[in-house]
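Protein chains: 2
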Amino acid sequence: MSEFTEDACTIALMPSGRRGQVARGTNLLDAARQLGVDLESICAGRQTCGKCQVLVEAGHFPKHALTSTPEHLSAPDGREAKYLDKHALAPGRRLACACEVQGDLLIVVPEESQARKQIVAKAATERAIDVQPAVRQVYVEVEPAAIESHGGDWERLQAALEAQWAMSALTIDPRALAGLQPALAAGKHAVTVTVWQEREVLRVQPGYAEGAYGLAVDVGSTTVVAHLCDLRTGAVRATESAMNPQVRYGEDLMSRVSYVMMHPEGTDTMHAAVIATLQTLAERAVVTAGIALDDIVDVVLVGNTVMHHLLLGISPVELGGAPFALAVSEPVDLKARELGLRLNPAARVHVLSCIAGHVGADNVAVQLAESPHTSSELMLIVDVGTNAEIVLGDNGGVLCCSSPTGPAFEGAQITHGQRAAPGAIERVRIDPTTLEPRWKVIGHPDWIAPGETTARATGICGSGIIEAVAELFLAGVINADGLFSETAAALSPRVQYVGRTAVYVLADAEQSSTGQPITVTQSDVRAIQLGKAALYAGVKLLLQERGVSAVDRIVLAGAFGSYIDPRHAMVLGLIPDCALDRVVAVGNAAGDGARIALLNRTARLEAARIARENHHVQTAVNPNFQTEFVGAIAIPHASDAFPHLEGILPAPSATPTERRSARRRRNA
Amino acid sequence: MSEFTEDACTIALMPSGRRGQVARGTNLLDAARQLGVDLESICAGRQTCGKCQVLVEAGHFPKHALTSTPEHLSAPDGREAKYLDKHALAPGRRLACACEVQGDLLIVVPEESQARKQIVAKAATERAIDVQPAVRQVYVEVEPAAIESHGGDWERLQAALEAQWAMSALTIDPRALAGLQPALAAGKHAVTVTVWQEREVLRVQPGYAEGAYGLAVDVGSTTVVAHLCDLRTGAVRATESAMNPQVRYGEDLMSRVSYVMMHPEGTDTMHAAVIATLQTLAERAVVTAGIALDDIVDVVLVGNTVMHHLLLGISPVELGGAPFALAVSEPVDLKARELGLRLNPAARVHVLSCIAGHVGADNVAVQLAESPHTSSELMLIVDVGTNAEIVLGDNGGVLCCSSPTGPAFEGAQITHGQRAAPGAIERVRIDPTTLEPRWKVIGHPDWIAPGETTARATGICGSGIIEAVAELFLAGVINADGLFSETAAALSPRVQYVGRTAVYVLADAEQSSTGQPITVTQSDVRAIQLGKAALYAGVKLLLQERGVSAVDRIVLAGAFGSYIDPRHAMVLGLIPDCALDRVVAVGNAAGDGARIALLNRTARLEAARIARENHHVQTAVNPNFQTEFVGAIAIPHASDAFPHLEGILPAPSATPTERRSARRRRNA
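Respectively, the protein sequence lines represent chains A and B. Letter by letter, the first sequence follows residues 25 to 692 in the working numbering. Letter by letter, the second sequence follows residues 25 to 692 in the working numbering.
So here's chain A without its partners, still in its complex pose (with noise of 0.2 Å):
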């Protein structure tokens, strides 16, 4: 999106309340898109489905600082006035796909034309791949069958791809097979034939075609992205996302893994959950890219460890108890109508290679996205889902463990906890010297002040009760043990006992949803200060098993990291000492990762050989690491320094009052 220029018009859109700029004669469609609101659409903008209707606010509205009018809005063309009069609609609706932007707009979407309930923080970054596909398309003129001919078409096919494409011992799907003759008559003997990696023949269409796809996707505990990429430019053609429909089964993977011990069938069930969520989102994603099913012919799949096997129908049970053994490590090829998945009858699925019992796909999928192993800093990768994995390596060998972190960082066990979701709090702010704070709920722009009720909170996602604990420590409400300051109460109304149990009200009966006011309480701290220990203490035994004591770069991955302040996630101790501007949030690395394998054939290989290699540090059974969570239990840590916070840390004696006075005289 373009800067503020004469060129860009702002647009606000309802009931979101996302807004933005966007540059003139941009497709409304497009636009409400870049802002994060997306549309339904089926047709993908043919104009024939009527889905993404929206209604233009004619008026100045100072809140927005904009003035909108139906004309900033393109005349309704041949097409559009066409369908807008069939449909009889009601004036002022419009059809976005049909609608360039020519000025400022509030525009309002009504419910029936928001495509997602939920929003995902997951999104595919721009990342140069080399494309280089597991599939892809050759072009072939067949010798015509004569009566003296030997063999069969399949053999003079054979002969072609050798001939002018150098492929030999190529073998065929039955389906491809079945639909040779046919496309070898309609193109009269020039065929054009789709090859997985130069081996077998998935597909034969008549003449000349263009037009393969793959589905790269992250399938989460919580959350499942699919990314559809063109696998001959490489180009995302559409992001899709749902909720992982396991989730009615268990919240976090242990929970689905006992499923499995109290169901028989509860493998199967799962399987078969997911692969139906895989399926719409295939369906949604050819939707939008204006393709069809049958065009996609490949498909990269990753996941942790339990998301893994019931992706390929095993029973998760194993990993559920030392020695938490892996059916399969090794990538797992197979085809997509084996796992019940209706794409091209011949579609490829490739399933990167799990690591150790709790380190999953998905954290190979990061690793080949950050890839640590081919980095000369020594690099720290902290990606927390609904477990953590911690590698830490450079060219000269990579470490990984996961922690037991618990669910806390997603917001579960959490007196507040929701995920995040429309109306979770996400951010938070407090003032030092007031203690009262500000805080920003997923779905709408704008920082909430105390008093204000412009955007209603339901919960505390993760990234805010991180943010928040992070915040109550800064502002001297806990101490360095996460224990609530028995000067705080005195000093505002905002710190309350419920009997000798202390509470911050971040959010008041009506600023919440729920007519209750949101609180953290001395057991939420309690969760994160559980969480980020384990976490720091599968940091430091990676740190001591490499023997180092710091590192040059850390990247934050996952969902958790692309809201985190890297700040935050040092002042609580999440990770160690580092430049603050060495500590990145990548977003989906292991989206990124998936569709790097997507279109990349020798990354698939890279990936099974970095899951080879590393090494894994088992936490479960290391002595150290009880010694080392219990240090990091305090805030940032009991013993470890952090110079990089110098200046934000307040002194570890500090009260309040007498920080207040310290940070006047430092703003003096």
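Worth double-checking, as some hints may not be accurate.
To be verified - Label-pair ranges, simulated between beta-carbon atoms:
id, chain 1, residue 1, chain 2, residue 2, range
1, B, A193, A, R591, 33 to 41 Å
2, A, A297, B, R636, 45 to 53 Å
3, B, D357, A, R591, 53 to 61 Å
4, A, A297, B, H174, 46 to 54 Å
5, A, A346, B, A105, 40 to 48 Å
6, B, H174, A, P517, 53 to 61 Å
7, A, E165, B, A259, 50 to 58 Å
8, B, V155, A, E222, 30 to 38 Å
To be verified - Short derived list, chain B residues pointing at chain A, Cβ under 7 Å:
id, residue
9, V155
10, V162
11, E165
12, I171
13, G176
14, W178
15, G345
16, A346
17, A351
18, S353
19, P355
20, Q642
Honestly, the hints are just simulated from the structure, not real lab data. Beta carbons: idealized from backbone N, C-alpha and C, even for Gly.
With chain A fixed as given, assemble chain B onto it according to the hints.
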């Protein structure tokens, strides 16, 4: 079966009339099977299903030369007695599976106990096959997972298979992978692994397990025959057959091709129909053998080119016209589930090669079984199914062709023709003196003379019409040109004129199930002449191509081959001159070849090599074919000599009267 000995008992089975000798002590269910009568049995002889009930007729039966009494069966044992009592069976009823034959018996098989409603000529012959199957079971002990283990259980199983069985670079079927950890757990890390071609793991069972089975199936246009074999011992554990359900879409191959041309979904319809029949045969076979469907891990399929394509779901339309292009000629390996077969979930299927548009995998199987390519004698193999495939060769090279014989040899397009089914006249003798006929029908053991009505005929099948025409020629009723002799009508009322068209009355109205006489007409003779001329012309083309005029050995294969008398085949001129004792009918050689390929994996390579190395001679474009065809219309041939029929063939000019005198002189 043993010859007449003191330990042999005579068994007659009603209503089929089948009769023969079995060894004393033979199980009655087995005895019935030996005599060609299949009793229903679902429990596989466990005396629980009660499907094999029979009744002993007591008394002396001069016609069958036996005295039958219930005491000639072993007394009911405890289990059978319990069943008879519990189900209150009528007195005299016995469970055949529980009885031993102790003397001569006349057994009545009630309708509900009869397994087969149609008798199929094809049956697995006892042939020595080196058992070295493509799928075998191996027992391995796998290193248990430990918390510090690298890799998953599949990688540990691979290591064990490499160390203990020297198998490397294995893959595993996804379904087998899902069963791996449960099997390791149940078997305490000892498992039995079913492996295909030392390349893919199909199944993992806990501990030591035994029992891997395969199906060898000959998919004929009319009949589908499946042999269930123990892959360890090579033993045939069950043979099941059924009508090819595609018959309803067209009796012969060309009408099935036409069906597909006119019905776009015809390929899928006929594919599904034949697969459903294979499924039924597999399910019947496992019941007979007392095993589970899960134990079937390999399948070999053979069939003509149209059957081959339809089995694979490939449209056969290209086979219906020049250049008769096969979709694929090389062998096809795939999973049974990909064809829709529900056997072991990972069961394999191997489909043998085809040679040319009209020389299919069934002919490759025949060549695999009869091995002309390794023979030092020059062999001629004639396989008449729905079309004729002709093979000529020895270890110096093999030629083949197909010949458009038309459907007459299968009883189609014959005035009273029918398929080989109970009631069809299958053998014919005509007295050259009286011109009176005798014949046998399928399902009745005795020859029927004029006036006898112990068995009524429903029509004439292929072998019946061949013998009838040959006998009419030998009796002088028709001459070498196939024309009814004018003097014959004067000599016998059997030869009648309907207008100007002569017919020979083979069965009188009262001997026919329809109440109408069964006749052989001039046009029937003409149809047989055209068919045999096409066959002979094909043989001649191969002889010319090879540059020889005679062969050392002739093999008659196919259902046609198992019924036909070599002498009649030569009298009619179906085959060239050869010593009669060098002409053999081998029955279902295609089924034998399928069984060989099932039990010996090297034979699969051999079959592929046979197909590649056969020199296919096109009859359709060969200018000599028409010339040879015209010469071969005469009986046995217009110009070729048949010295081995000396004394059998009548003198070319002989009339019935002259012949009668000549025969009297010879017999004097």
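Let me make sure I understand: some of the numbered hints might not hold for this structure. Which ones are they, in numerical order? Numbers 1, 4, 5, 9, 10, 11, 15 and 19, in rising order.
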